[in-house]
Amino acid sequence: MNHWREHVSFWLQVFQEWVREPLFYVFLAVVALLLVTTCAHPRFLPFILKSLRRNVVRTVLTSMAIMFLVLVVTAIWTVLKFMNEITQEKARDLKVIVTERWQIPSQMPYTYYGDITRGPAKSVEDKDHMAWAFYGGTIDPDKRDWNSQLFFFSMQPNKFMTMMDGVDELTPTQREKLAEALKAMELDKRKCLIGAEKLKGLNKRVGERITVTSVNFREIDLEFEIAGELPAGRYGQSSVMNQQYLLDALEDYKKKKLKPHPMDTRNLNLVWLRVPDSQAFEEVTTAIETSSLFSSPAVKCERASSAIASFLDAYKDLLWGMRWLLAPAILVTLALVISNAISISVRERRTEMAVLKVLGFTPNMVLCMVLGEALLVGVLTGLVAEVVFYTAVQWYGGIPFQVAFFPKFRLPEDSLWWGPMLGGLTAFAGSIVPAWSARSVKVSEVFSKIA
Amino acid sequence: MSPILILAPLLVAVLLVLLPLLLGKVPVSYNVRNLRIRWQTTLLTVIAFVIVVGLLTVMLAFVNGMYRLTEGSAQPGNVVVLSMGATDEQFSNLGYADTGDIEQEKEVLLDAEGRHLISKEVFLVVVQPIPNAPKGGRQRRFIQLRGIEDPVVSGEVHGLELHEGGAWFGAAGSQENDKPKKANPEGAKDDAAALPVIQAVIGEGLARELGKDQNKPTLVVGDRFDLGDRDWVVTGVMKSAGTTYDSELWAKRGIVGPKFGKETFTTYVLRTADPAKAQALSDTLTNTYKKASVKAQPETEYFSKLNATNLQFLYAIGVVAVFMALGGVFGIMNTMFAAVSQRTKDIGVLRILGYARWQVLVSFFLEAMLIAIIGGVLGCALGFLANGLTATSIVSSGPGGGKSVVLKLVVDANILAVGMLFTLGMGAAGGLLPSLTAMRLRPLESLR
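First to last, the protein sequences are chains Z and U. Quick note: the first sequence, position 41, residue 52 per our numbering, numbers continuous. Quick note: the second sequence, position 201, residue 430 per our numbering, numbers continuous.
Treat the hints with care, since some could be wrong.
[Unchecked claim] Below, simulated DMTMM-like cross-link-like pairs (lysine to aspartate or glutamate); rule was C-alpha separation at most 25 Å, straight line:
(1) U:K574 <-> Z:E363
(2) U:K364 <-> Z:D176
(3) Z:K211 <-> Z:E262
(4) U:K445 <-> Z:D328
(5) Z:K211 <-> Z:D199
(6) Z:K267 <-> U:D327
(7) U:K524 <-> Z:D328
(8) Z:K453 <-> Z:E313
(9) U:K364 <-> Z:E180
(10) U:K519 <-> U:E334
(11) U:K519 <-> Z:E230
(12) U:K524 <-> Z:D153
(13) U:K364 <-> Z:E32
(14) U:K519 <-> Z:E180
(15) U:K534 <-> Z:D199
(16) U:K254 <-> U:D575
(17) U:K520 <-> Z:E300
(18) U:K534 <-> Z:D151
(19) U:K491 <-> Z:D275
(20) Z:K327 <-> U:D442
(21) U:K519 <-> Z:D153
(22) U:K491 <-> Z:E32
(23) Z:K311 <-> U:D455
(24) Z:K265 <-> U:E492
(25) Z:K311 <-> U:E492
(26) U:K364 <-> Z:E96
(27) U:K534 <-> Z:E363
(28) U:K491 <-> U:E332
(29) U:K364 <-> Z:D328
(30) U:K364 <-> U:E438
Please keep in mind that the hints were generated in silico from the structure rather than gathered at the bench.
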């Protein structure tokens, strides 16, 4: 029962987001147009269905073309929507990233984290924060290939659920399992989480132990017990370890070698702060950037959206091409395929159109029927394509296409109406000319030819 | 890929299409006339082919450009040395004390002045605030900065020269700052104008990018810019087009290393006489060099490993192309099925006139192929317009790290051949089934 309630509340939330999307209204307009063209007259729908059944091969071929092309556009839009969202500046509930001012990758002393959260960021009313260090290594030092390598977010386990992006996209069961594993990590610093896809690559299972030979923290080789897996998708290739484990290991190194580890003052890569609004962001930024505590190395604060946009700069032309070249060209192709099919259909049925007119159908009714035929195929095929695609991608954990640090892209719920909208719109665009030609069929001309 | 691997199947495909024409009579003129008469359907199908093949050509040209870039960056006799386990220059650490004698290896060549041809480098990615960046957009860019010891030697090792009027930066790597100093009551410590100007040479692509900040098409010798709270001056622009160095800034390691927090080297690049010696030296250093654990590899191998991103793009393009092709195939099937159903009587007449079943099959198949070929040729021509366009991208050996690059799209004979093969494949897949249907029609039944 609870499960069912959660689903209902999830879809209600999704619907609330949909109504904020301008494109959703285009979808509604397409649906309205479909209803008008198929149901405005009681004879429309039977005629349309009969006509579609008459040439099943053509209907199926057109549907298949729509299906494949809609899938490509959906995949492209999924990537673009995700990129838009993460690089879009928010007005409220912002995340601030504090990093080293000049260098990538940022490397700061861990003491900065305490100084930031106890000092400048203390003034922020609604504060939540986390610190990241990147610990990379291999479980097979002799081989060191991609499958044997691991990349850990060294962080506080209790911050994962509140500060990491994408947690809200997980199912209730996934969240529950994750929370349990994170609790286990808090109790035992040697426990870690590894992404589902990474685990497969490593050929390891939950419960097994691994020894990681570090690449960036030389001589800090750590043993882990795999406490759980991060769900496939966004974090499918990542791993999470308890920050205290790394800090303790660096401390042990100092005690053993009687000198600090070379990374001792570079063991903090990022600090994340959650701030309520732009004003708080400005206040925190000014306080941190002007503080003498953070001068060597100097630090900078930026909104998460702006920081990610900088990382995506190398992909800007690729994303531009996907947005303005690939997707529109596929839509045009789709419209052409539909147009071709409907044109053929209209040409074959000119006599039928003339008979309909003789029987009292007005030119606009003929126009509606042809449009309705195209829209019905477009909308229904788009819907079927998206439901199948959505289910398949949910099962697979996302569309695999590595862009910067994003390995997979989860299909948004919006895609469920993208398909019918794309199918319907292209069907409308492709059928408007043939439908107009059907509308203009002259009864006398058609019958004189037959005679 | 070898051109022969692409051109051979194309030739075979064309021959397979032409062979039936040579073997016996096929009513080709009848097919051509039909295409003309049903020009609207033909045109719509051709346009769909043009778009699909045109897009495929552009996408492949992008990946081709990336491959050319990584290939063009490598010198066959060079050896790249990184610290063991480092997947990228950025993550490599070579302590000078441990590795300083690597240049003494006997395979390392000497230049005319008797210096070892070794480029000792620190590779850094530095953040630069974008001047006058629009609010809400990207505020910073990443600059790939290579700190080197001796720019003349490094230029020779990497096979790079400067454009006319430029000069490699001097031994000090900096020059007197002639900017007026700010009146700063707390002293001039933080005033960039009070510090010497850092001299740098710059890749052409980066010069164009930074030129935008100053409303210029490109930075030229003598131009200044800010980076890391310091003034920088361009002393030379590298002839770096077609290499990954096109997006790099080179300056004195002794200045930029400490300035940006990296005191060690990240990379050594050694010049040997030929690829065989480069391989031998790589093996020696990786397996027997004891002072530090290093990974040495011929530069050609190093850059070929950076093709992981290209491969990923290639797979993505493959998937998109197949899906688009399926759309196109169903489109042409529709056209051809309609052609068959409209011309049932014609088929009957052809059969009565003595045309065999296979000739009817070939006739309709050729019609589909003709549409595909016209669409394919026009699509390739459209795609060819992208040849030489520049685009930004990234090359890397896997997730994380990598180099941001400016590349030129390259449409070559291979790409055009792939485009034509693709179109022939689409035409064949879309035309075969309707042609078989036409072939199976019985003469008398079709005339009823």
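Q. Quick one, are K265 of chain Z and E492 of chain U close enough, alpha carbons at most 25 Å?
A. Holds - the C-alpha atoms of E492 of chain U and K265 of chain Z are around 21 Å apart, at most 25 Å.
Q: Below or equal to 25 Å on CA atoms is what counts here, so check K534 of chain U against D151 of chain Z.
A: holds (20 Å)
Q. Within 25 Å, alpha carbon to alpha carbon, are K311 of chain Z and E492 of chain U?
A. The hint holds at about 22 Å.
(Q) Checking one constraint from the list: CA of K491 of chain U to CA of D275 of chain Z, max 25 Å. Satisfied? (A) At roughly 14 Å apart (the allowed maximum being 25 Å), D275 of chain Z and K491 of chain U satisfy the hint.
Q) Regarding the pair K534 of chain U and E363 of chain Z, is the alpha-carbon distance no greater than 25 Å? A) Answer violated: K534 of chain U to E363 of chain Z is near 64 Å, above 25 Å.
Q. Quick one, are K211 of chain Z and E262 of chain Z close enough, alpha carbons at most 25 Å?
A. violated (33 Å)
(Q) Just to be careful, I want the Cα atoms of K364 of chain U and D328 of chain Z compared with a cutoff of 25 Å; is the pair within it? (A) The given pair, whose Cα atoms are some 21 Å apart, holds under the 25 Å limit.
Q | Distance restraint between K524 of chain U and D328 of chain Z, which requires alpha-carbon spacing of 25 Å or less | A | Roughly 34 Å between the alpha carbons, so the hint for K524 of chain U and D328 of chain Z is violated.
Q. Is it true that the CA of K364 of chain U sits at most 25 Å from the CA of D176 of chain Z?
A. The given pair, whose Cα atoms are some 24 Å apart, holds under the 25 Å limit.
Q) Within 25 Å, alpha carbon to alpha carbon, are K520 of chain U and E300 of chain Z? A) Not satisfied, since the Cα-Cα distance of roughly 42 Å exceeds 25 Å.
Q.
Holds or violated: K364 of chain U and E32 of chain Z, Cα atoms, limit 25 Å.
A. Within the cut-off at roughly 23 Å; holds.
Q.
Can you confirm whether the C-alpha distance between K327 of chain Z and D442 of chain U stays at or below 25 Å?
A. Holds. K327 of chain Z to D442 of chain U sits at ~18 Å (cutoff 25 Å).
Of the numbered hints listed earlier, those contradicted by the structure are 3, 7, 8, 9, 14, 15, 17, 22 and 27.
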